[in-house]
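J.: If you want the building blocks of each chain, they are given just below.
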Amino acid sequence: MSRRNSSSSPLQTLGAIVGTIIIIILALLGGGKVLNIGTGGDTGGIQDNSGGAAGGGNSSGASANGLPSQSFKQTAKEITYHGCPPAGDGGDSQLNLNKNRVDAGNFQPTNFNAILTLPWPKETERTSHDQWSASAASQVAQAEGLPVLVEGYLALARQEGPESPNCHSGTDFDFHIWMIDHPGGSADRVGGVVAEATPRVRITHPQWTVRNLNNLSTAGTKVRISGWLMLDPEHPDQVGKTRGTIWEIHPIIKIEYWQSGSWVNLDDYQG
Amino acid sequence: MHKAIYLSVKVTMPPDSQGGDRLRQLESRVGQQLRQTEHHLTGTVKRVQDLGDQVEMTVSLEGEQEAPADFARLAIDDVRRALEAAFAAPAARNLRISVAEIREDTSAVDDLADAGLL
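Going down the list, the protein sequences come from chains H and X.
Residues in the first sequence are numbered from 1 upward in steps of one, following the numbering used here.
Residues in the second sequence are numbered from 1 upward in steps of one, following the numbering used here.
If you are wondering where the hints come from, they were derived from the structure by calculation, not from laboratory data.
Do not take every clue at face value.
[To be verified] When the alpha-carbon atoms are kept at most 27 angstroms apart in a straight line, the in silico DSS-like pairs for lysine-lysine are as follows:
1) H:LYS254 <-> H:LYS222
2) H:LYS254 <-> H:LYS73
3) H:LYS77 <-> H:LYS241
4) H:LYS241 <-> H:LYS222
5) X:LYS10 <-> H:LYS241
6) H:LYS241 <-> X:LYS46
[Said to hold, decoys possible] To give an idea of the interface, some chain X residues facing chain H are shown, with a C-beta separation under 10 angstroms as derived from the structure:
7) ASP70
8) GLU84
9) PHE87
Just so you know, even glycine gets a beta-carbon here, dropped at the ideal spot from N, CA and C.
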């Protein structure tokens, strides 16, 4: 730096700093990096989520981030199930309402990788919706509740345990279904997106069994899952181990599989 | 309605220099306390992990409650009271244990299944 620069006015110095910041941001965006800018937590403020697997499928009506446009959102419909209200029996009631919607939507083809690399505010992790800052809530709202249709493969399906959206029922459990972008198994979940089949939706889809889903996984059958995009802040500890993101397709509304050159509804699965 | 829950229970205790005896004592004592809690919940210890400065237990509880009532709060309060009473008992004083954190563990089924414990 020259002495002339070092003697710049405060206004000029401020302008230089702002310009540098803008250049850094543009460079990062241009490099294809997806940054998860956080505000706290023990893993630092910035998390690079760009290491995910490449996706398949295609997109239409998509916004710049590869997700469907906001115009495809709709008012959620929920039901009381086995005496359990849509808000569940405690915890994060907004999260439970999101999980317990049952409405079908205008599901839009969405690239697997668009979800896998979608950032989230770090402050949301393990935190109730009502504790989020306005900026975090606004960032999540850009994607949450979008109707997505994603092609991929299944790594694993598993019945989960009791939780607040299902009023901690000892009999009504979600299914975790790990989607990946290539045929694979349980070990590939680290690059996966979790999709969840809830009891409120499964009640009308008796063929959505863990066994049938794992048959599709074992056979390496391509699948297409339609559902609502949702951030589940309860499982950040699993990222990098058994999932690639805390963004989920939750709940799933429709499952199809590829057979003999066409998509077949899992409701018609013959085993 | 029959309900169930998994809790993560973290306690602080001195390092175990007796080949795991203290952890086994802890698991046994907590297991006894969870056979029936104040609100008639029953529980078991599914896993004990030595985290160094803390010990984490994965505990499952079940019992009856009206569907919309807050089961997590009930279970956490019950377990906290049961453990504090257990650790205060004369027979447990040599363990020098205190409760650090009790929270719902919604990843427990995945973690236990992946560890081959379900």
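J.: For each hint, tell me whether it holds in the structure or not.
T.: Here is what the structure says about each hint:
Proposed proximity of LYS254 of chain H and LYS222 of chain H is supported: the alpha carbons are some 14 angstroms apart, at most 27 angstroms. Annotation: proposed proximity of LYS254 of chain H to LYS73 of chain H holds, straight-line Cα distance about 17 angstroms (limit 27 angstroms). The straight-line distance between the Cα atoms of LYS77 of chain H and LYS241 of chain H is roughly 33 angstroms, outside the 27 angstroms bound, and the hint therefore fails. Among the hinted pairs, LYS241 of chain H with LYS222 of chain H is consistent with the structure: their alpha-carbon atoms are about 23 angstroms apart, no more than 27 angstroms.
About 22 angstroms separates the Cα atoms of LYS10 of chain X and LYS241 of chain H, which keeps this hinted pair within 27 angstroms; it holds. Taking the CA atoms of LYS241 of chain H and LYS46 of chain X, the gap is about 21 angstroms. The hint holds against a cut of 27 angstroms. A cut of 10 angstroms between beta carbons decides the hint on ASP70 of chain X: the least distance to chain H is about 4 angstroms, and the hint holds. For GLU84 of chain X, the interface hint is violated, since its Cβ never comes within 10 angstroms of a Cβ in chain H; the closest pair sits about 22 angstroms apart.
Interface hint status for PHE87 of chain X: violated, as the beta-carbon distance to the closest one in chain H is roughly 26 angstroms, over 10 angstroms.
In the structure shown, a violation is registered for the earlier hints numbered 3, 8 and 9, in ascending order.
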